[in-house]
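So the protein sequences, as listed, match chains H and Z. Every number in our numbering is 1 more than the matching position in the first sequence, counting from 1. Every number in our numbering is 21 more than the matching position in the second sequence, counting from 1.
Bear in mind the hints are in silico, worked out from the structure with no lab data behind them. Note that the structure is a prediction, hence the values are computed from the model and not measured. We put the beta carbon where it would ideally sit given N, CA and C, even for glycine. A portion of the hints provided could be inaccurate.
Example chain H residues on the side facing chain Z (calculated, C-beta under 7 Å, incomplete) [to be verified]: (1) 25; (2) 57; (3) 64; (4) 102; (5) 106; (6) 218.
Covered stretches of chain Z, going by a simulated chain H footprint (3 or more residues, C-beta under 8 Å) [said to hold, decoys possible]: (7) 41 to 54; (8) 61 to 70; (9) 128 to 139; (10) 260 to 271.
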Amino acid sequence: MFVLVAGVGALAVAFSQDNTRPGDDILGLGLGGFMVGQIPVITLGVLTISSEYGTGMIRSTLTACPRRARILTAKALVFSALALALGTAAIGTFTLVALAVLGGRAGAQPADAVLRTVLGGGLYLAVIGLMALAVGALLRHSAGAISAMIGFVLLPTIVGLFAGETVGRFLITYSPVSISASLFGNGLDPEVNGWQQLGFLAALTAALLAAAYAAVSRRDV
Amino acid sequence: MIEARGLTKRYGSTTAVDQLSFQVRPGVVTGFLGPNGSGKSTTMRMILGLDTPTSGTVTIDGQPYRELPNAARTVGALLDARAVHGGRDAYHHLLCIAQLAGVPRRRVAEVLDIVGLTEVARRRTKGFSLGMGQRLGIAAALLGDPEVLLFDEPVNGLDPEGIHWVRTLMRALAAEGRTVFVSSHLMSEMAITADHLIVIGQGRLLADMPVGEFIAHHSAGYARVRTPDAAGRDLLARALADAGAGTEPERDGALKVTGLDLPRISDLAHLHGVRLYELSPHHASLEEAYMRLTQHSVEYRSGPAWTPPPAGPDAREGPAADPHSHHHRHPSEV
């Protein structure tokens with residue numbers, strides 16, 4: 002993930018050296034790497050729990066520690082902290098590279114934009130990773146849960162194009178693709194900013210996590 | 022002490038475990054016996070709080086497993102030896118469980134030593150044989166030095182040396198005052214490992230008694246008597262019947278005698294002037310007794326094409342009535 006976000010971002014920076022003009026938003030160059038970098042976060046989030054169901058190791062785990070909510074909390078905390086730290090570091094590295102290489106031509110970037118991209122991007126990765134973990138716990142099947150999550154990231158933007166005015170607009174605005182774009186300063190809807198969209202994603206994740214808690218504590222394994 | 026009361030588990034219309042009540046006491050090895058699909062594993066999972074009973078309760082030292090204050094240090098279990106993360110080595114597999122259970126790191130090396138896996142501790146579990154996997158599973162069960170131990174089919178895939186080792190280990194654990202509950206579908210294995218037997222079939226309790234009692238109850242001894250001719254046999258049969266014995270002719274012309282000891286049979290033969298070519302003691306095998314007990318509750322029975330053609334009037338009852346399988350000694354015991 003780190004390699005993808007920082008590496009692809011740095012590549013984009015390298016290719017943009019010639020056509021950057023003063024006042025350009027250079028943070029937007031990180032979006033490509035960020036979109037690709039989400040995939041390993043989603044995969045790992047799902048596998049954090051579903052791999053145990055796949056091997057049957059979940060029975061050993063729940064025998065060693067029958068407090069199931071505690072297991073899920075531990076996994077969620079470790080994984081989200083890791084995703085947040087690595088994600089923020091990766092986007093931070095990209096931003097430093099971008100500023101170092103293109104900062105001279107494009108001029109200084111607004112501080113709130115940098116904060117939104119670096120911290121917001123890191124939070125987004127932690128939130129989408131947690132959602133993947135919740136979906137992994139609900140579906141208990143690695144391939145199924147990863148497919149569902151990739152679908153969740155990509156489909157709303159596509160379906161939104163064909164859905165009616167209200168639904169379509171909502172789907173596109175709050176699709177993960179659009180949220181990612183907003184965080185990198187390329188928002189599709191000027192009325193909603195990246196933080197609001199991120200709040201929506203966090204609320205959805207909280208609901209899925211609550212469902213995961215209920216399912217994990219009640220289900221037979 | 023494990024205590025089940027009216028334990029029932031239904032999956033849709035299938036009843037896997039049906040009103041099961043039993044106690045598993047400390048200090049002895051309790052064998053949990055039943056054919057495949059009789060509900061042994063489901064019962065084990067309910068004991069460990071992995072499956073929730075449809076009705077009834079099962080407690081360990083008076084509390085449901087999931088409410089035990091320190092479950093991993095109280096109960097150790099081997100459920101499925103293949104349930105490991107194949108990419109991890111044996112040491113780290115155990116370390117993961119130890120850390121979850123709050124067991125100190127040095128205990129991992131100790132249990133690896135107990136099960137004899139120290140030399141392969143750094144090898145990935147993916148390459149483990151079934152027997153090594155079983156040993157690893159047993160090591161995991163022993164991690165918390167628990168008072169209650171559950172083993173689901175622990176001798177599956179083990180060689181005779183491994184089976185002997187498991188048997189010795191279980192007996193040693195029980196001798197230390199622990200509660201040891203071992204499931205198996207092999208009667209012969211349980212007859213020499215367990216002190217107490219709980220037998221189930223189609224989820225229902227069929228027997229709950231000490232092994233000795235089970236043997237006495239289900240494998241009554243008999244004597245085989247062979248005379249030179251049919252006249253002598255008939256004469257002797259009448260005399261034995263008059264003395265209160267049960268007699269039954271066998272296919273090869275011998276006589277199966279129950280209810281009299283060998284010296285009495287010999288005396289009666291002498292008294293009536295009947296010569297004997299054979300007078301031998303026999304035990305109905307425990308395996309036969311077990312199959313007789315469970316034959317009505319076997320879920321996956323071989324189809325009619327697989328049963329041997331009936332050779333006589335008493336062959337129809339299946340293996341339990343086969344007069345040729347007298348020995349109840351298991352090969353691994355020799």
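Verification of the hints:
{"no.": "1", "hint": "25", "in the structure": "46 Å, violated"}
{"no.": "2", "hint": "57", "in the structure": "3 Å, holds"}
{"no.": "3", "hint": "64", "in the structure": "5 Å, holds"}
{"no.": "4", "hint": "102", "in the structure": "39 Å, violated"}
{"no.": "5", "hint": "106", "in the structure": "47 Å, violated"}
{"no.": "6", "hint": "218", "in the structure": "9 Å, violated"}
{"no.": "7", "hint": "41 to 54", "in the structure": "violated (count 0)"}
{"no.": "8", "hint": "61 to 70", "in the structure": "holds (count 3)"}
{"no.": "9", "hint": "128 to 139", "in the structure": "violated (count 0)"}
{"no.": "10", "hint": "260 to 271", "in the structure": "violated (count 0)"}
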